[in-house]
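Student: For reference, the chains in residue letters:
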Amino acid sequence: MPSTFDTVAGIISETCDIPREKITPESHAINDLGIDSLDFLDVAFAIDKAFGIKMPLEQWTQEVNEGKVSSDEYFVLGGLCANIDKLVAAKVA
Amino acid sequence: MRLEYFQMVDRISLLDPEARVVRAESTVPDQSPVFEGHFPGHPLMPGVLMIETMAQTGGWLVLATLRFARMPFLAQVKEAKFRGFVTPGQKLEVEARLVQDGSGYAVVTGRIDSAGRKVAEAELRYGLAPFPNETLRAQMLETARRVAVPEAYLGDG
Numbered sequence: 158m159p160s161t162f163d164t165v166a167g168i169i170s171e172t173c174d175i176p177r178e179k180i181t182p183e184s185h186a187i188n189d190l191g192i193d194s195l196d197f198l199d200v201a202f203a204i205d206k207a208f209g210i211k212m213p214l215e216q217w218t219q220e221v222n223e224g225k226v227s228s229d230e231y232f233v234l235g236g237l238c239a240n241i242d243k244l245v246a247a248k249v250a
Numbered sequence: 075m076r077l078e079y080f081q082m083v084d085r086i087s088l089l090d091p092e093a094r095v096v097r098a099e100s101t102v103p104d105q106s107p108v109f110e111g112h113f114p115g116h117p118l119m120p121g122v123l124m125i126e127t128m129a130q131t132g133g134w135l136v137l138a139t140l141r142f143a144r145m146p147f148l149a150q151v152k153e154a155k156f157r158g159f160v161t162p163g164q165k166l167e168v169e170a171r172l173v174q175d176g177s178g179y180a181v182v183t184g185r186i187d188s189a190g191r192k193v194a195e196a197e198l199r200y201g202l203a204p205f206p207n208e209t210l211r212a213q214m215l216e217t218a219r220r221v222a223v224p225e226a227y228l229g230d231g
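Quick note, the sequences are listed as chains U and D, same order. Quick note, the first sequence lines up with residues 158 to 250 if you use the working numbering. Quick note, the second sequence lines up with residues 75 to 231 if you use the working numbering.
Honestly, the hints are just simulated from the structure, not real lab data. Any given hint could turn out to be false.
Partial chain D-side listing against chain U, Cβ under 10 Å, derived [to be verified]: (1) 177; (2) 178; (3) 201.
Derived pair list, reagent style SDA-like, types lysine to any residue, alpha-carbon separation capped at 25 Å [stated by the list, open to error]: (4) U/248 with U/174; (5) U/248 with D/145; (6) U/206 with D/190; (7) U/225 with D/93; (8) D/152 with U/196; (9) D/155 with D/190; (10) D/152 with U/174; (11) U/206 with D/145; (12) D/152 with U/246; (13) U/243 with D/116; (14) U/179 with D/145; (15) U/211 with D/140; (16) U/211 with D/203; (17) D/152 with U/177.
Backbone N, C-alpha and C define an ideal beta-carbon position, used for all residues, glycine too.
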């Protein structure tokens, strides 16, 4: 079974036409990979569908905008995948 | 339908947010300035306006699902297909189904049938945002009542 990161990296590579090898757990979706808001909508849809979750993107964005959380927490892929795993675990529990 | 005013939906015939489906009826007007250009001597409803018709129909479903708390703005059109000419006076049945209600976005599939035949289909994605002002929100509520969106889905109105 592919890891969360492999699935997410595959989705980003396919959706945003970014070579797979450029995508690492340290990549920042916006600052490093240059994913814009429209492409991010595609990525979010594909991730929600692949994992059967609803990423609370609006809440995350608000937390970042209010300075409560660093954008790395949600937009660096390692952090994003950890949060996806939490949402999947919460769904199963 | 009043094409030049972007009034694409005449009447909502079925709206069921729990079942994630909406159906609407519209009649292509006999006359419109749009037909003067599209096309002279061969009036056809433009494909982009069929997309708009599906987008507005799906938009009512999204608005009802959210009880008019946010406004869906069309962000993406995927796999749009036009399978037949649509001409003045033609009656259209529009259906949209909510595929995904995400955080800050929604995805629907739409189709238009006429005389028992599918004439258009597309996947439509919306970004969801707070109403930018009270004017738009009031106008959307007024239009919702005109096209017969049930009061129960208008939120606190």
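Student: The structure should be examined with respect to each hint, and the outcome stated for every one.
Tutor: Right, here's what the structure says about each hint:
Because the beta carbon of residue 177 of chain D sits about 4 Å from the nearest beta carbon in chain U, less than 10 Å, this interface hint is met. A cut of 10 Å between beta carbons decides the hint on residue 178 of chain D: the least distance to chain U is about 5 Å, and the hint holds. With a cut of 10 Å, the hint placing residue 201 of chain D at the interface with chain U holds, because the nearest CB-to-CB distance is about 7 Å. The suggested pairing of residue 248 of chain U with residue 174 of chain U is violated, with an alpha-carbon distance near 30 Å, which exceeds 25 Å.
In summary, the hint linking residue 248 of chain U to residue 145 of chain D is not supported, as the alpha carbons are separated by about 28 Å, beyond the 25 Å threshold. Between residue 206 of chain U and residue 190 of chain D, the direct Cα distance comes to roughly 32 Å. Violation of the 25 Å bound is thereby established for this hinted pair. Distance check on the hinted pair: residue 225 of chain U and residue 93 of chain D sit about 37 Å apart at the alpha-carbon level, beyond 25 Å; violated. Restraint check: the Cα-Cα separation between residue 152 of chain D and residue 196 of chain U comes to about 13 Å, which is no more than 25 Å; the hinted pair holds.
The straight-line distance between the Cα atoms of residue 155 of chain D and residue 190 of chain D is roughly 17 Å, inside the 25 Å bound, and the hint therefore holds. Taken as a hint, the residue 152 of chain D and residue 174 of chain U pair is honoured in the structure, with Cα atoms around 17 Å apart against an allowance of 25 Å. Between residue 206 of chain U and residue 145 of chain D the alpha-carbon distance is near 23 Å, which keeps this suggested pair within the 25 Å criterion. For a cut-off of 25 Å, the pair hint linking residue 152 of chain D to residue 246 of chain U is broken: about 32 Å separates their Cα positions.
As the CA atoms of residue 243 of chain U and residue 116 of chain D are separated by approximately 58 Å, the hinted pair breaks the 25 Å bound. This hinted pair does not check out: residue 179 of chain U and residue 145 of chain D have alpha carbons roughly 36 Å apart, beyond 25 Å. Annotation: proposed proximity of residue 211 of chain U to residue 140 of chain D holds, straight-line Cα distance about 15 Å (limit 25 Å). Restraint check for residue 211 of chain U and residue 203 of chain D: the C-alpha separation of about 17 Å stays at or below 25 Å, so the hint holds.
Simply put, residue 152 of chain D and residue 177 of chain U have alpha-carbon atoms about 24 Å apart, close enough for the 25 Å limit, and the pair holds.
Checked against the numbered hints given earlier, the structure breaks hints 4, 5, 6, 7, 12, 13 and 14 and satisfies all the rest.
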